[in-house]
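Q: Each protein sequence line maps, in turn, to chains A and B.
The number in the working numbering is simply the position in the first sequence, starting from 1, with 67 added.
The number in the working numbering is simply the position in the second sequence, starting from 1, with 67 added.
Some hints could be false.
Since the list gives no way to pick out one identical chain from another, each pair is judged satisfied if it fits inside one copy or across any two copies.
Stated by the list, open to error - Okay, derived cross-link-like pairs now, PhoX-like style, lysine-lysine, Cα gap no bigger than 25 Å in a straight line:
{"hint": "1", "residue 1": "K246", "residue 2": "K123"}
{"hint": "2", "residue 1": "K123", "residue 2": "K133"}
{"hint": "3", "residue 1": "K108", "residue 2": "K133"}
In case anyone wonders, no lab produced these hints; they're calculated from the structure.
There are 2 protein chains.
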Amino acid sequence: MVTSRWTAAPARAASPRRRGVVLERAILDAALEQLSEVGWKGLTMEGVAAGAQTGKAAVYRRWPSKEDLVADALAAGLPRVEAAPDLGSVREDLLALCRQVRQIMFSPPGVALRSVIHECDQIQAERFHEVIVGGVVEPTLQLLGEVITRGLERGEVRPDAVNSYVFDAVPAMMMYRSKVCASEWCDRELEEMIDQLMLPLLRPCAG
Amino acid sequence: MVTSRWTAAPARAASPRRRGVVLERAILDAALEQLSEVGWKGLTMEGVAAGAQTGKAAVYRRWPSKEDLVADALAAGLPRVEAAPDLGSVREDLLALCRQVRQIMFSPPGVALRSVIHECDQIQAERFHEVIVGGVVEPTLQLLGEVITRGLERGEVRPDAVNSYVFDAVPAMMMYRSKVCASEWCDRELEEMIDQLMLPLLRPCAG
């Protein structure tokens, strides 16, 4: 392997010698930054080392492969989804939840996560399945479930709307329109989605 | 640039000298095949030339860039979406339409198209926007619109369900679950989506 300009980075950077968790944190942060800037396929161990102002060996010592590094970076960097909103109506709760999801989607770790979801082939995707599903998909579906179940208790939601196709509609729409229509999901669009798609889908027919 | 084994391909292949549309067709087919196998970022002009058993120069003569080649390959190779099904009920029509969409999604040009949608960054995506939206998204939405409008005329669909959020729900769900859940959309799943998501969303409350 040829010597690249990246391998010279630690010498150039006059940063103090960092060890243990401090250096690890810097490497994980640099990996997320690389992911959100150049995507999964553009990310290199050299680039991450340069971003963290360390040497490639320091990266490989902790993470033997790009897959290992990215899995840890996503697990460490993704914002926790907050508690389910409880504002008194299913409309306001869904809207608040969608705003939370939007904030995560367009944060640097969210952009990094989407690049992994979109670019990875099936085999690589399996490596990240646990991080993505366990870290983002399931917590989001659980909050949606709480909001919808609370709506059911208030009589705003029909009982058979509590199913996985209904729960998936919100993340599916948000992913589809951000990808195919380059939508950034302004407040108006979120409200339209709730009013034209989710509320008609959820409401009891007698209402 | 170094000479690769690909540049030797035309000499090795004892295929007759092809010209004009025949050679163009072979190059476009090879581009789609490469896309569905190695994705947008893995595709190279050398690989396409090798796949078409021609030289790199023959490719560059017609398409100055990878973007130009891929745009033409997608435009030429994507299956036309057929006429909207008309089977007497909105449920059967939606199901037949979803089966058509599934067939296109998992065909080689469909896999190629999805690799472009998922892997391209925003700037590259603009180059393909017309091909993707004009060639696939809009025709599909138009057929969905026909099916839903026919349901409205039969009294199976509420009037205010004729809106873009409702129309997007089917392609959004199909993209989301194929990507995040690795779903291949077996017949049972298509039926569940129609019965648990689309029909409750479409039906008039009085019904």
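Q: What label fits K108 with K133 when the C-alpha limit is 25 Å: within, between, both, or neither?
A: both (10 Å within a copy, 17 Å between copies)
Q: As a check of your reading, is K123 near K133 (CA-CA no more than 25 Å) within one copy, between copies, both or neither?
A: The answer is within: 12 Å in one copy meets 25 Å, while 32 Å across copies does not.
Q: Indicate which option fits the pair K246, K123 if close means a Cα-Cα distance not exceeding 25 Å: within, between, both or neither.
A: neither (34 Å within a copy, 32 Å between copies)
In the structure shown, a violation is registered for the earlier hint numbered 1 alone.
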